[in-house]
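Sequences and hints are given; from them, build the entire structure.
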Amino acid sequence: MSTTSFDPQKTLVILLGASAWPQQRETLRHNYPDDNNPFKRSVAGMQSYFLDYLRIPKDHLKNLFDVKENANSLFTQIDEFLETHKSTTNDVFIYYVGHGTLLDKELSLAIPAAKDNDYDLPMQKLWRGLGKIVPQARCYFLLDACYSGKITQLPAKSPMGPKSAVLFCSSPPEKPSFVRQNGEQQNVTVFTEALLKTLRGENPQLKISPVTWSFRDIESPVKQFIKNHYPDVAEPQFSSTGDQGVVENLKVFPNRWLTRWLESIRGKLSQQRGELQPIYKAVASYLKELESRGLQNPDSEKTDPLDTWFAAKLSDQELITAWQSHQTPSKPNYPDWSDKLQQGRIVIFLGANVPRDDISSNLFNELKDTLEYDSFKGELSELCEYMEMETSRARLCQKTAEFIDSISLPAPTPAELYQLLAQVKAPLVLISSEYTNLLDQAFEAQQKKFVVLSPLNDWENSKNAGKLWQRYSAPNASPEAVGGEDMDCLDFLNRDYSVIYKIRGCVKSDNKRLLLSENHYFKFACRIQQAIPNSLVNLINTWGLWFIGHHPNTWEDRLLIQTILQRCQRTDREANRMAIDEGATDRFIGRFWQHREVDSYKVGVREFVRELKKQPPFNSHA
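Residues in the sequence shown are numbered from 1 upward in steps of one, following the numbering used here.
The hints are simulated quantities; they were obtained by calculation from the structure and are not laboratory data.
Where hints are given, some of them may not hold.
Within a straight-line C-alpha distance of at most 20 angstroms, the following computed PhoX-like cross-link-like pairs (lysine-lysine) qualify [what the hints assert, rightly or not]:
1. K86 <-> K10
2. K614 <-> K602
3. K268 <-> K251
4. K268 <-> K281
5. K368 <-> K399
6. K68 <-> K40
7. K157 <-> K105
8. K331 <-> K602
9. K425 <-> K448
10. K157 <-> K132
11. K86 <-> K58
12. K223 <-> K268
13. K268 <-> K302
14. K125 <-> K105
15. K157 <-> K125
16. K125 <-> K207
17. K207 <-> K223
18. K613 <-> K448
19. K302 <-> K331
So, in structure tokens, the structure goes:
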């Protein structure tokens, strides 16, 4: 069976059926006016959908509807059509609308030339012909006729037919199908009406929708539409053959409902841009995100207020209030987070206090004792600034390195997050803002290969502005200075090396160039464009970025977060950005993350690790 994605340019469509059967018995001689014939309207609607919505090339569509020739002639034309395109065909649609009956317990479909009691288009013959001429193609039968569900029994009876197929039929094997006739309304066949309403995005059952629909996606909305509007009509029959679930879950149909909904909301949003200024950018970004990933159940918290506002049942100010109240996601999605982590397709920015909450405060006290400055009440960066001025930069870095070297795993409070990351089989991309080597130790304990990168931070020498320290995890590996502009993080990942970018510097490489004092931070911020490799920026923009263990209530953390976000301007809205921050309910911190389009969760690092450990395959390590 073909495993290629759906391509309209490699797809064929065959339209069959009739609008009248003049040679049939009286019960089939309908007197529908030509401009309101339900069969003619149904096939016209389907043809328009295939050409205008699905973008099937015109010469890839064979319209044999109302062709007044015998069955042998129709089969010859079908075979010739398939033969002409068989070498480039991945998918074939067969649509029929009209009358069906059971002859010798097999489904036959009426054609205009058929005489009384002679439904001369046996589906078994068409089924076998497809299997013979285009055996590699996926086939989709859309049959709108009485007893059409009988075809779902063909795969077992005729294994020489298509190897993979979807069979979506208007009625079960023993039930008739119906035409809607309602006064002055346009006549239409019930099944095709429900199908077209769904495919055109006019079915209200489509609130939760992917970007592209499969047959399995549209099955339930079609059935529900019929149940709601025609409760006395039998439920359509749906089945598939071939590898279980593959063909029916293939993404085929563009989501017109989502397109229509987005166009409506964007239109009014643009008109009210001035009134909605506090949330306009966030809403516009969110709509762009939905365009890429579709709608999911959790989105209702945001889309419901938008729908109510669009219907003029919510004022602009009420929408602003409702929208801002939902900016912090309510429920962590640990299964999804675990899955992303296991795939290694996310960049994680680790805060300075991830391994131990007391590291910064203990370093602070160590430096105060060295300086004999017990009365100092400022921040760590201020104390480092003072020590550098009072002694020297070399002395500051030396004391910091000595303190850091005294910390190892297991620490009094184990670096559980580091140990969890070390268990991930896929290579990871990590940015670390802490000073210790505990992350390296955790990876080494699990024999997980990695390469450490860090900015050279040689601010006095402009020639070194864009250079990085690079050190492999191999025993006795020596660090070397390399050009950051040519650094290819994907190359490391392809060789199974995790990437650890130490944004504040790397102690093992060069303890004279750590990011410690206020002066260092300011110089680093000025050279952020050169300090972070382009390949790392590209991964952040493509995969997304998680902030874990950051405390944006300090200016140093805010500067690092802001410089990273400014350097990595988002290009793919599907690449999510989130913060695991137990302080996210604080008004300032919550607004800080929201303003930077980062979803924040009030979750502590330990809780984050504890809950991830419950997810497979982490729970197998317990």
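Status of each hint after checking the structure:
{"no.": "1", "hint": "K86 <-> K10", "verdict": "holds, 9 angstroms"}
{"no.": "2", "hint": "K614 <-> K602", "verdict": "holds, 19 angstroms"}
{"no.": "3", "hint": "K268 <-> K251", "verdict": "violated, 30 angstroms"}
{"no.": "4", "hint": "K268 <-> K281", "verdict": "holds, 14 angstroms"}
{"no.": "5", "hint": "K368 <-> K399", "verdict": "holds, 11 angstroms"}
{"no.": "6", "hint": "K68 <-> K40", "verdict": "holds, 15 angstroms"}
{"no.": "7", "hint": "K157 <-> K105", "verdict": "holds, 12 angstroms"}
{"no.": "8", "hint": "K331 <-> K602", "verdict": "holds, 9 angstroms"}
{"no.": "9", "hint": "K425 <-> K448", "verdict": "holds, 8 angstroms"}
{"no.": "10", "hint": "K157 <-> K132", "verdict": "holds, 16 angstroms"}
{"no.": "11", "hint": "K86 <-> K58", "verdict": "holds, 16 angstroms"}
{"no.": "12", "hint": "K223 <-> K268", "verdict": "violated, 32 angstroms"}
{"no.": "13", "hint": "K268 <-> K302", "verdict": "holds, 16 angstroms"}
{"no.": "14", "hint": "K125 <-> K105", "verdict": "holds, 14 angstroms"}
{"no.": "15", "hint": "K157 <-> K125", "verdict": "holds, 12 angstroms"}
{"no.": "16", "hint": "K125 <-> K207", "verdict": "violated, 40 angstroms"}
{"no.": "17", "hint": "K207 <-> K223", "verdict": "holds, 15 angstroms"}
{"no.": "18", "hint": "K613 <-> K448", "verdict": "holds, 19 angstroms"}
{"no.": "19", "hint": "K302 <-> K331", "verdict": "holds, 14 angstroms"}
The structure is inconsistent with the numbered hints 3, 12, 16, although it conforms to all the rest.
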